[in-house]
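Following the hints, position chain F against chain E.
So the protein lines, in turn, are chains E and F. 1 is the number of the first residue of the first sequence in the working numbering; add one for each residue after it. 1 is the number of the first residue of the second sequence in the working numbering; add one for each residue after it.
These aren't lab readings, by the way, just hints derived from the structure by calculation. Some hints here could point you the wrong way.
[Stated by the list, open to error] Straight-line distance between alpha carbons at most 16 Å, and here's what the computed EDC-like set of lysine to aspartate or glutamate pairs gives:
1. 160/F x 25/E
2. 26/E x 159/F
3. 160/F x 445/E
4. 391/E x 53/F
5. 217/F x 445/E
6. 60/F x 410/E
[As the list claims (entries may be wrong)] Only some residues are given here: those of chain F computed to face chain E with a beta carbon under 10 Å:
7. 37
8. 110
9. 151
10. 167
11. 208
[Unchecked claim] Label pairs and their calculated CB-CB ranges:
12. 111/F x 16/E: 25 to 35 Å
13. 264/E x 157/F: 27 to 37 Å
14. 448/E x 148/F: 48 to 58 Å
The C-beta atom is built at its ideal place from N, Cα and C for all residues, glycine as well.
Chain residues, written in single-letter form:
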Amino acid sequence: MNAAQQFRRAAAKKAADPRHRAVLEKNIATYDDAVARGRTRYAGWENARSTAAQIKWKAINHLDSYLEQFERAVVENGGHVFWAETAEDARRYIVELAQQRGVQKVVKSKSMVTEEIHLNAAFAAAGIEPVETDLGEFICQLRGESPYHILTPIMHLTKTDVAILFHERFGTPLTATAGELAGVAREQLRKVFLSADMGVTGANFLVADTGMVALSTNEGNGRLSVSLPRIHVVVAGIEKVIPHFEDLAVLWPVLAQVGTGQGVTAYNTLVGAPRRDGEPDSPTEFHVVLLDNGRTRLLADVEQRDALHCIRCGACLNACPVYKNIGGHAYGTTYQGPIGSVITPHLRDACEWSHLSYASSLCGACTGVCPVRIDVHRHLLHNRRNAVRRKFDNPLQRLAFKAWCWVMQDATRYRITGKLARLAIRFGLAAPLAKAWMQGRELPEVPEQSFRELWAGMDDNSRTRS
Amino acid sequence: MRVALFIPCFVDQFCPQVAVAMVTVLRRLKIEVYHPTAQTCCGQPAFNTGYWDEARKLAKRFGEVFADADAIVCPSGSCTAMVRNYHPELLGKATRVTANTFEFSEFLVNKLGITDVGARFPAKVTYHDGCHALRELRLKEEPRMLLRNVQGLELVEMDKAETCCGFGGTFSVKFPMISCAMDGVKVDSIQRTGAEYVVSADPSCLMQIDGYARRRKLPIKTVSLAEVLAAR
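Bound-form chain E, shown alone (with noise of 0.2 Å):
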């Protein structure tokens, strides 16, 4: 089965489950809250969109030099970049390093590009133990799914799910408070915490001018493992790298605003460096892995460059009314949702992808709260058009449109075929359209005469004309 088909499947599964629109619609509901909530603070969001959105805008469109800016920071300050161009590359590296440093266990902080590259069954491969250390990734881990949601992982479950889960794991009462899970799950992450030889992370953003990598948490795993850890390692996509140190007064509660509705995340740690004579304790390493796998071939469509902006924030698929109904493992990407929808296409396989970009009504709420003003379905609109251009089309549709335009191009023949598709209609021609239509819905019930055909009688110019 191909990516195409796996997806309609799951697709259809998960939109025909009632229970899972209800979990899916009762955590978005608590999210919605926040961020109404959230939005109060604001005097005027809309502006700070705008600046948020000028700030990747100009990252993006000098993402040269600002990369080798950052690089030589890093790298003044005692830190290694090392350059990804693919996903083998960037694990490579990582799992070579962890070899020749005789790492055994890996913690690991929330990071969707760790997920982008595999890099936890090329840990696995190697013999090291790695660990979601933030909760919800830690409880994907112990399920072995992938994360349901690019912010929330664990969005398609209910306390419940993770009541049972822990009970069959670590033996915590059925009846255990969310609480009382939450100390489970921070017990044995904290022995995790302490015996880990390496920290890996993503960033969220990727400061130019001080070399300094900003990293947002909720639970403060982050900064457990970027301290704790003889050895860090962050791996971050090329387009998270922003002009200056300042940017983040307005880039951090942006993102926790759309996030969580937060008026800043809980923990907001910054690291830049590895430890330095006379410090204590830290990382006596810091690695930066800069990974492209498929980036710059976005970076170079002028028209679609902007979906380099993302902060991955999740905001447009908590608007989507597409993944509200299928969530997110249907999609089978590292990135769900219309963002998801709109980079797979770029940073995979075109073709194999392309059928996610018209798995979108087009509906534009996913361009409503983008907080970097991301022109989401519009993108969707352009992947259409590119498929249809790279002849990813099926051919028969092709020939379909192409007939449609020959008859839309002359009235009579539109007359005629308008005719001779009501009266199909009527009489229960069902055509393949019809039939997939009517898997769900009844036909409309067709009138017997057209509006041009009622237009003749009500026409009073032609009369007072003739």
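The following block gives chain F in isolation, referenced to the frame of chain E:
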């Protein structure tokens, strides 16, 4: 002012009563309208499916057919958005035609400054925001202002007025399961209001909602904004 009727192909073929209602209201307001019979389709189905070369031919044709009009009025937010927001992308420029194409409620409220058309529709109704009217044309208050001035009409808001009904043109038949699930969410929200009718400036959304409700024999009636405004 020469006001041309832009009657989208599916309104022309499937729900001509919507266009008739729009003409009725405009004539009551003493606005002379004409119907360029050479018109066919604005090209949206091709455009949204990625067939921009085909859509471009129809966008050009649209410009020629409506070249004489001072204003072009359409009883569909979606088709209006196609002309005003996306024809410029296809043609490489905005034109007099693309800039002067208006959705019906937008034309009444924003162009003519009319919010009361003297209609009477004694029923409890809820309004569905078509996505393109709402997000492409930024029409939120215009249809509601008109509805509030309809005699006997009680407007109740549903909790998910701005949520997509799941139609999305070819999306509705490419991914019928997702489309119907979205439709279900919409219909549930409509039902919670206890309204007798759901009204919208987008007949395509109403076709989607009506198709779902009829299949399940739900007591939801759909009616276009134009028909409500024409009722007496």
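- Message: Just to be careful, I want the Cα atoms of residue 60/F and residue 410/E compared with a cutoff of 16 Å; is the pair within it?
- Response: holds, 13 Å
- Query: residue 217/F and residue 445/E: Cα distance at most 16 Å?
  - Reply: Holds. Residue 217/F to residue 445/E sits at ~15 Å (cutoff 16 Å).
- Task: Confirm or reject the claim that residue 448/E and residue 148/F have a C-beta distance inside 48 to 58 Å.
- Result: Given range 48 to 58 Å: violated, Cβ gap about 35 Å.
- Per-residue hint verdict: residue 167/F, partner chain E, C-beta under 10 Å: holds, 6 Å
- Message: Let's test the interface hint: is any C-beta of chain E closer than 10 Å to that of residue 37/F?
- Response: holds, 6 Å
- residue 160/F and residue 25/E: Cα distance at most 16 Å? holds, 12 Å
- Holds or violated: is there a CB of chain E closer than 10 Å to the CB of residue 208/F? Cβ of residue 208/F sits 7 Å from chain E, so the hint holds.
- Under 10 Å, Cβ to Cβ, is where residue 110/F needs to be relative to chain E, so tell me if that hint holds or is violated. violated, 20 Å
- Query: When you take the CB atoms of residue 264/E and residue 157/F, is the distance between them in 27 to 37 Å?
  - Reply: Given range 27 to 37 Å: holds, Cβ gap about 33 Å.
- Verify the proposed pairing of residue 391/E with residue 53/F, using a straight-line Cα cut of 16 Å. This hinted pair holds, its Cα atoms lying about 13 Å apart.
- Message: Check whether the Cα positions of residue 160/F and residue 445/E lie no farther apart than 16 Å.
- Response: violated, 27 Å
- Distance restraint hint 25 to 35 Å, applied to the beta-carbon atoms of residue 111/F and residue 16/E: Between residue 111/F and residue 16/E, where Cβ atoms are some 45 Å apart, the hint is violated.
Taken one by one, the earlier hints fail for this structure at numbers 3, 8, 9, 12, 14, listed in ascending order.
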